[in-house]
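Asker: Sequence:
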Amino acid sequence: MERRTIIRLLLIFGIGIPILVEAATFAGLLGAHFGDGGAETTTTTAETTRVDAVGLGDELLPETNQSERLTTLSLSDSGQYWILTMTVSVNNTGDHPYEVTLGAVVTNDDTPVDGSVSTGPIPAGESRTATGQWKLPAGETPRRLQVEALVHADGEGTPKTISRTVTLQKVPVEG
1 MERRTIIRLL
11 LIFGIGIPIL
21 VEAATFAGLL
31 GAHFGDGGAE
41 TTTTTAETTR
51 VDAVGLGDEL
61 LPETNQSERL
71 TTLSLSDSGQ
81 YWILTMTVSV
91 NNTGDHPYEV
101 TLGAVVTNDD
111 TPVDGSVSTG
121 PIPAGESRTA
131 TGQWKLPAGE
141 TPRRLQVEAL
151 VHADGEGTPK
161 TISRTVTLQK
171 VPVEG
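Its first residue numbered 1, the sequence shown is counted upward by one per residue in this note's numbering.
Derived by calculation from the structure, the hints in this document are not laboratory data. No experiment lies behind these values; they were computed from the predicted model shown. Here a beta-carbon is modelled for each residue, glycine too, at the ideal position from N, C-alpha and C. Mixed in with the good hints there might be a few duds.
[Claimed, not checked] Simulated crosslink set (EDC-like; lysine to aspartate or glutamate; CA at most 16 Å straight-line):
1. 170 with 140
2. 135 with 109
3. 160 with 99
[Said to hold, decoys possible] Restraint ranges, calculated between C-beta atoms of paired labels, are given here:
4. 124 with 58: 20 to 26 Å
5. 164 with 129: 15 to 21 Å
6. 104 with 175: 23 to 29 Å
7. 11 with 33: 30 to 36 Å
8. 77 with 157: 44 to 50 Å
9. 109 with 65: 33 to 39 Å
Based on the provided sequences and hints, a complete structural model is requested.
Answerer: Here you go:
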């Protein structure tokens, strides 16, 4: 090939390739702004939304007559572990002694974390709180909590058990 032809080809490629790259980028921006472009947002929303999640002040077992609310829900960084602290406040509006136990926690990485805290039997018409702490692996946040309620009916040996796994709202890390 002649020297002149080589120079022309280099100029065409040298100018043509950047123009093509810029045109493709511009078309992508226009498509994201005016077109669909929402697939990534939809995926992110689906991952972060927890349907029927329970948070601070929410009822843990809405199907019961008694009130069991989370009054403390915090996650603190203690270095090697993240400490989850939960307090449940129970108002026994029923006719029989009532007990609530917060059990094992499952993290966002599906790691089960054992632990429990119980109010003990609460006489009818009284209230009680119970606070517990769970050591989660560093970097993992709580996703689900096992909750169990016992209704101690008078004169009956076996209490009625209500057991449910509740999904927790996102808990911000403190410290």
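Asker: For the hint 44 to 50 Å, verify it against the beta carbon of residue 77 and that of residue 157.
Answerer: Since the Cβ atoms of residue 77 and residue 157 sit about 46 Å apart, the hinted range of 44 to 50 Å holds.
Asker: Under the criterion that the straight-line Cα-Cα distance not exceed 16 Å, is the pair residue 170, residue 140 satisfied?
Answerer: Distance of about 11 Å is within 16 Å: holds.
Asker: Determine whether the Cβ-Cβ distance between residue 164 and residue 129 falls within the hinted range of 15 to 21 Å.
Answerer: For residue 129 against residue 164, whose Cβ atoms are near 20 Å apart, the range 15 to 21 Å holds.
Asker: Within 20 to 26 Å: is that where the Cβ-Cβ distance between residue 124 and residue 58 falls?
Answerer: Once the Cβ atoms are compared, 24 Å apart, the range 20 to 26 Å for residue 58 and residue 124 holds.
Asker: In this structure, is the beta-carbon distance linking residue 104 and residue 175 contained in 23 to 29 Å?
Answerer: Since the Cβ atoms of residue 104 and residue 175 sit about 24 Å apart, the hinted range of 23 to 29 Å holds.
Asker: Does residue 99 lie within 16 Å of residue 160 when you go C-alpha to C-alpha?
Answerer: Given that 16 Å is the threshold and the Cα spacing comes to 10 Å, the pair holds.
Asker: Does residue 135 pair with residue 109 here, judged by a C-alpha cut-off of 16 Å?
Answerer: Holds - the C-alpha atoms of residue 109 and residue 135 are around 14 Å apart, at most 16 Å.
Asker: Quick one: are residue 109 and residue 65 within 33 to 39 Å, going by C-beta?
Answerer: Holds, at about 36 Å.
Asker: Can you tell me whether the CB distance of residue 11 to residue 33 sits inside 30 to 36 Å?
Answerer: 33 Å, holds
Violated hints for the displayed structure: none, as all numbered hints are satisfied.
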